[in-house]
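Asks: Fit chain U to the given chain W structure using the hints.
The chain contents come next:
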Amino acid sequence: MTPIAFTLITFAISLVAGLLGSLLGLGGGLIVIPALTLLLHIDIRYAIGASVVCVIATSSGAAAAYVRGRMTNLRVAMLLEIATVSGALTGAFIAGKINPRWLFVLFGLIMGYSSIAMLRKRQEHLVDQVQPDSLATRLHLHGSFFDESLGKEVRYEVAQPTVGLALMYVAGVVSGLLGIGSGALKVPAMDLSMRLPIKVSTATSNFMMGVTAAASAGVYFARGDINPYIAAPVAAGVMIGATGGSRLLGKLQSRAVRIAFVIVVLFVSLQMLLKGLR
Amino acid sequence: MNRSEIEAADTMPAPAEAVPIIDSTISRDEAIGRLEIVISTLLRVGVITSIAVIFFGMAVGLLRHSTDVRRPNDLIALTAKNASFPHSLRDVASGVIALRSQAIMALGLLILIATPVMRVAVSIIAFAMQRDHTYLAITITVLVLLILSFLLGHAGA
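As given, the protein sequences belong to chains W and U, one line each in that order. Read in order, the letters of the first sequence correspond to residues 1 to 278 in the numbering used here. Read in order, the letters of the second sequence correspond to residues 1 to 157 in the numbering used here.
Hints listed in this document are in silico derivations from the structure and should not be mistaken for laboratory results. A hint or two may mislead.
Lysine to any residue pairs mimicking SDA-like chemistry, simulated, CA-CA at most 20 Å apart [said to hold, decoys possible]:
hint	chain 1	residue 1	chain 2	residue 2
1	W	Lys97	U	Ala80
2	W	Lys97	U	His154
3	W	Lys97	U	His87
4	U	Lys81	W	Gly96
5	W	Lys275	W	Ser149
6	W	Lys199	W	Ser149
7	U	Lys81	W	Gly276
With the rest of the complex left out, here is chain W:
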């Protein structure tokens, strides 16, 4: 393969990964890393380095829209970023030390989990069930947002910020290790433990991903794991693909199509797992 062909193929694959990621709500990294490693036989550290940059791009692109829609709880995001960023530093540090085969194994597991988690239909809990937390009150974490489907302003209270911080540290470690946004870990953590409305959890998790990924990107860049020749076409491709995906359909609604995709994603995650274990 010639370098120019490689650039074009990488760009095309990333475009599709960005498009699929945004349609499925999985994020580009989860798709682009297996594509680069399994199809193009790129070293997994370079694939992760390229993916980290994509996470920043997709998070910043989407966050701009969410923040304007006042869906993001900025205080919750900034508080939890202390945990996700420390986690990301830990994860990025470990990633440079361990045998790459474990990165494949962990990636396979997280990818499998995320694809199944994506299928579960999230249920909106009742806002008045929440026990107001004194720390959350002192930190002014409670907020409100305009719910378009209800057509009114919804106020909510935040519970258990310390549990949230602990879970976010774990999500940050995974982000740093694998160069993914790990939204599949962040959203349930905010939804179930801190009792944020699901729309707020999604927007806030997405908002934090950019800063979390920037922390791991710093480590990866300085270490020499972000190869511009690979990361540049990947970042450009995923960014354009994700933008196109969000304009095209919003989200894939048909359950049958989603299940079909989940089966493909599960198959790929198994491939990653096997590559690590062989």
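Replies: Leaving out everything else, chain U in the frame of chain W:
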């Protein structure tokens, strides 16, 4: 103490600002609202700038190395585990001045990485102006951790 009392206490650093509780809540919300608009503009500008620089770097690569990019052996050199490419600020800066494609692409990637960092910096200024000491401390901590990440990578971590 209930929530609004605590909020009021927190937003009254000076007696001169001892306005009714309702007003202080509204100004807090308004301040956050302004911050939201600044942040979303900043994020968008950062992403668009970085993608423009990345494409410029790719174009430079095509034009300046139009013969190299067709040799398969070069691909191995570019993507091998020990491939050499700029990965320090100094290398990127000198490469950009020399109009080298790898360095320009790396600059685009650095702009992208810097975008969320800038977002944290803007929040620090906003919280400082609001005299919100708790969130000032929180955002400064996040910024310090982000700066630490570059140093950690350089230290060979």
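Asks: Straight-line Cα separation of Lys81 of chain U and Gly276 of chain W no greater than 20 Å?
Replies: holds, 18 Å
Asks: Straight-line Cα separation of Lys97 of chain W and His154 of chain U no greater than 20 Å?
Replies: holds, 14 Å
Asks: Between the alpha carbons of Lys97 of chain W and Ala80 of chain U, is the straight-line distance 20 Å or under?
Replies: holds, 19 Å
Asks: Under the criterion that the straight-line Cα-Cα distance not exceed 20 Å, is the pair Lys199 of chain W, Ser149 of chain W satisfied?
Replies: holds, 11 Å
Asks: CA of Lys97 of chain W to CA of His87 of chain U, is that 20 Å or under?
Replies: holds, 19 Å
Asks: Are the Cα positions of Lys275 of chain W and Ser149 of chain W separated by 20 Å at most?
Replies: violated, 44 Å
Asks: Mind checking the alpha carbons of Lys81 of chain U and Gly96 of chain W for me, to see if they're no more than 20 Å apart?
Replies: holds, 13 Å
Checked against the numbered hints given earlier, this structure breaks only hint 5.
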